Amino acid sequence: MLMDGFQTAFTPTNLMFGLLGTFLGTLVGVLPGIGPALAIGLLLPICLTVNPTSALIMFAAIYYGAMYGGSTTSILLNTPGESGSVITALEGNKMAKAGRAGAALATAAIGSFVAGTIATLLLAFGAPALADLALTIQPAGYLALIILAFATVGTLLGESRIRGLVALAVGLVIGLVGADLQSGALRLTFGNLNAIDGIETVTVIVAIFALGEALYLASRHTLVKVELLTMSGKAWMTREDFKRSWKPWLRGTAIGFPLGVIPAGGSEVPTFLSYGVEKALSKNKGEFGKGAIEGVAGPEAANNANAAGVLVPMLALGLPTSATAAVVLVAFQSFNIQPGPMLFQTNPEIVWGLIASLFIGNTLLLVMNLPLIRFWVLLLKIPSHYLYAGITTFALLGAYALNNSTFDLQVALAVGFIGYLFRRFGVPITPLIIGVILGPLAELYFKRALQISQGDWHILIAGPFPKIIYSILLLVIIGPMVWSFKKKFANKK
Amino acid sequence: MILQKISKQGKGELAFAGSLFLLGMFVAWDTSKMVIPQGSSIVSPQTFPYMVAAFTSLVGLVLISDVLRGRLGTPDGSEPGDPFIAPSYKTMAILMAAIGLHVILLEIAGYVVSATICFWGVSFAFGSRKYLKDFGISLIFALTVYFSFTKGLNINLPAGFFEGVVGK
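Those protein sequences? They're chains A and B, same order as listed. Be aware that the first sequence starts at 1, since it is given in my numbering, and climbs by one per residue. Be aware that the second sequence starts at 1, since it is given in my numbering, and climbs by one per residue.
Warning: the hint list may mix true and false statements.
Unchecked claim - FRET-style restraints, in silico, Cβ to Cβ: (1) K97(A) x T144(B): 32 to 42 Å; (2) F375(A) x G136(B): 19 to 29 Å; (3) L378(A) x L143(B): 41 to 51 Å; (4) N192(A) x G18(B): 35 to 45 Å; (5) E107(B) x T136(A): 43 to 53 Å; (6) L193(A) x L58(B): 24 to 34 Å; (7) K151(B) x I382(A): 18 to 28 Å; (8) R129(B) x F6(A): 52 to 62 Å; (9) R129(B) x N192(A): 32 to 42 Å; (10) H221(A) x L153(B): 33 to 43 Å; (11) K151(B) x W457(A): 56 to 66 Å; (12) N156(B) x Q333(A): 17 to 27 Å; (13) G136(B) x A280(A): 53 to 63 Å.
Claimed, not checked - SDA-like cross-link-like pairs, simulated, lysine to any residue; straight-line CA separation at most 25 Å: (14) K467(A) x M51(B); (15) K33(B) x G455(A); (16) K33(B) x F190(A); (17) K90(B) x L135(A); (18) K285(A) x N78(A).
In case anyone wonders, no lab produced these hints; they're calculated from the structure. Remember, it's a predicted structure, so these values are computed and weren't measured experimentally. A virtual CB, placed ideally from N, CA and C, is assigned to each residue, including glycine.
Isolated chain A, as found in the complex (with noise of 0.2 Å):
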């Protein structure tokens, strides 16, 4: 089937179009301020005039190109532009700062391949796997999933549980806007004939990112001169450094992969993770926080095979789990393709078209990024006030050249300050994202559960699945509730 998957991929067309993705790809992701999913966001309109493969053979390339891109900005302008690129930005622009920024770019780039390749190798098997798997789940136990994946993202990310939940209570509100699947009841559309197809997904990615961002900053006057730190000598690394960095590579594959496919709130957890454990494992503790090679290294690894574990459950389930996996999601739903246990086997030209080019971009970013990295520093010399007017005048093309009408923008503009609110009180983005798209799903799953049970809501809990998720859910979300009130409890006394 992958065999297949690359004859797809390999016809000079495809290839071409692989190429333009690593291209744009790396190109809008190394712009500071612009994280992955914001990134194949704004090209998303780009891929729309192509035909259905091309496409997302071009997205997966922009999606490692993206991810490929972050790093760099992160390591040389301490500006991560996503949770996944802290770590990143933490130890490498200290190695820049120390004159290595060569060998921090060489790793970040290596590593990010080997974790690509392999994690994408365990895609290419996990997720038929998972798929098939799926076909016998009931609607009440996607559900049950869906409800997990709600828990975990909204309370994993950022430092207030609340936080999240009131990111993925407003994205769900936003969800509900437009014509009810089945009965057609319109739910607040206001009399507005625009809004009776719903809010654009794509919209709401580009506007949150993009110019909530613009707001937030404008707001703060932040935009302090950051350094840029110049480069000298390649982007290589020494046979010292190699042997440094092999060990944390694989660490931190083997810690990003399975904690993208569990929906466990992005990025983050995974690449701090990587970063702890190369740090006690090191016997150069001292160079850490300083410029250890390790802890760009791993977190980077780790990253990366994130991005490509998280893509299991979007592909074999329709569950995104992270808001750049959103966007993948959006981009095969603007073709009519809906992710899922069947689309193995309704569309399996593109699953495997899309996990063969994967590899495809991954060797490319390789190939092509190490001589590039030049052209990409210059990128980084573009003065913010232009960035920031170039990305929010893009983001407003984004939105309109979706469906050609201004409705689209109104929207853009009163999510973008949405935006600018979370930002200002601490509320995390990604749940909102999650919420907009899960929740229609949501309720049609808990429509079609109750249908099939006759209206009798034991069904939402029949069964070793749902029973299962729950009791997950349970033990993950509620048990360190309970265990840190408490200790809370315990202290008062």
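Since the structure of chain A is already known, use the hints to place chain B on it.
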């Protein structure tokens, strides 16, 4: 009484939490007014929205109590305990105006005009004061995007008065 103890940042967050509670209430009100089309279905289209409304209001209430107890959110990009930065509403207003003008002008004046104004406005809001140079860069940006999208990708954008000059 309690309000006096709360910092300026806390008051803003209290308003945010309060509006979240009201949002939930509003969703419930909208759901109660819903016109349900004929045809019997087992689950009413109102059930799920009522759940979302209840969840939103509940979360809003918990956040209100959190804020009242002094547990404030940490603004993005700062550490807990950092001094509070009062938002500059002026720059925000300029930015919103630039985006708003883009929305209004796009289909009247065409993409090139509205995007030029938007780009220029955002860079002004971000503190650039080289008006002419900014204008030049804005125009080049708008033209590049316009032509690469309409000619290169066949994605239509409103031409405005450019229609007569360059064709469609």
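Structure-based check of all given hints:
1. K97(A) x T144(B): 32 to 42 Å: holds, 36 Å
2. F375(A) x G136(B): 19 to 29 Å: For F375(A) and G136(B) the Cβ distance comes to about 24 Å; the hint holds.
3. L378(A) x L143(B): 41 to 51 Å: violated, 22 Å
4. N192(A) x G18(B): 35 to 45 Å: With a Cβ separation near 26 Å, N192(A) and G18(B) fall outside 35 to 45 Å, so the hint is violated.
5. E107(B) x T136(A): 43 to 53 Å: holds, 50 Å
6. L193(A) x L58(B): 24 to 34 Å: holds, 33 Å
7. K151(B) x I382(A): 18 to 28 Å: holds, 25 Å
8. R129(B) x F6(A): 52 to 62 Å: Hint holds: Cβ distance 54 Å, inside 52 to 62 Å.
9. R129(B) x N192(A): 32 to 42 Å: holds, 39 Å
10. H221(A) x L153(B): 33 to 43 Å: Roughly 37 Å apart at Cβ, these two residues keep to the hinted range, so it holds.
11. K151(B) x W457(A): 56 to 66 Å: holds, 57 Å
12. N156(B) x Q333(A): 17 to 27 Å: Once the Cβ atoms are compared, 22 Å apart, the range 17 to 27 Å for Q333(A) and N156(B) holds.
13. G136(B) x A280(A): 53 to 63 Å: Holds, since G136(B) and A280(A) (Cβ atoms, about 55 Å apart) stay within the stated range.
14. K467(A) x M51(B): Holds, at about 21 Å.
15. K33(B) x G455(A): holds, 23 Å
16. K33(B) x F190(A): holds, 11 Å
17. K90(B) x L135(A): Violated - the C-alpha atoms of L135(A) and K90(B) are around 55 Å apart, more than 25 Å.
18. K285(A) x N78(A): holds, 22 Å
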